[in-house]
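A.B. asks: With chain A fixed as given, assemble chain B onto it according to the hints.
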Amino acid sequence: SAVISQKPSRDICQRGTSLTIQCQVDSQVTMMFWYRQQPGQSLTLIATANQGSEATYESGFVIDKFPISRPNLTFSTLTVSNMSPEDSSIYLCSVTRDRDKQAFFGQGTRLTVV
Amino acid sequence: LAKTTQPISMDSYEGQEVNITCSHNNIATNDYITWYQQFPSQGPRFIIQGYKTKVTNEVASLFIPADRKSSTLSLPRVSLSDTAVYYCLADSSASKIIFGSGTRLSIRP
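Protein sequences, first through last, are from chains A and B.
Quick note on this note's numbering: the first sequence kicks off at 1 and runs consecutively.
Quick note on this note's numbering: the second sequence kicks off at 1001 and runs consecutively.
Heads up, some of the hints might be wrong.
[As the list claims (entries may be wrong)] Cβ-to-Cβ under 10 Å is the rule here; a few derived chain A residues that face chain B:
1) Ser1
2) Gln6
3) Gln37
4) Leu43
5) Thr44
6) Thr48
7) Glu54
8) Val62
9) Glu86
10) Ile90
11) Leu92
12) Cys93
13) Gln107
No wet-lab data here; the hints were simulated from the structure.
No experiment lies behind these values; they were computed from the predicted model shown.
Where a beta carbon is used, it is the ideal one built from N, C-alpha and C, also for glycine.
Bound-form chain A, shown alone (with noise of 0.2 Å):
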């Protein structure tokens, strides 16, 4: 299996500010996603992120308030900027490999804005 590794597990921050999330795979991977979880619901895909190119975002997401960095194999980062209280969420970073038939997610950052 892939080992991902986020940081900050968790986080509170104040409105207005932005927090980068890192997500570190233990090997190199095809694919990586970054989610979205509010509490009590369903996972939603934010975006794909592409090494070496810019982000493939879903509707209703976009690169200024979700930028997104993928400058290898193995790591990436997601940033989420000018927060307000609906921010409040759990981010997770997933991956895939050609080898595996599943996608392997991270542990989550729990983010909390005041």
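C.D. replies: Relative to the frame of chain A, chain B by itself:
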């Protein structure tokens, strides 16, 4: 990616067998059926995947009828630790996963 429908919630007791059924009427020929389990404060984890008939592993069994329009995840002799949300997916790709609502399973002593 086929739309899936599964019960919002289910309750059971320790030691019972739990069957969660998922409907995927518009499943495509190259779609696989995959189930993920999510415990509170954790990311989802893969449980089982199948294409047709029956698949069994150390965690669960997956039953898929010939028409593939539905599937049933079977958890034998559940314990309190099986309390989780279970997601059913019908897709040809293991990568970009679009999650449905899932089934919230509660196990009681």
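A.B. asks: Could you run down the list of hints and mark each one as holding or not?
C.D. replies: Now the hints, each set against the structure:
| no. | hint | verdict |
| --- | --- | --- |
| 1 | Ser1 | holds, 9 Å |
| 2 | Gln6 | holds, 9 Å |
| 3 | Gln37 | holds, 9 Å |
| 4 | Leu43 | holds, 5 Å |
| 5 | Thr44 | holds, 8 Å |
| 6 | Thr48 | holds, 6 Å |
| 7 | Glu54 | violated, 16 Å |
| 8 | Val62 | violated, 18 Å |
| 9 | Glu86 | violated, 20 Å |
| 10 | Ile90 | holds, 8 Å |
| 11 | Leu92 | holds, 5 Å |
| 12 | Cys93 | holds, 8 Å |
| 13 | Gln107 | holds, 6 Å |
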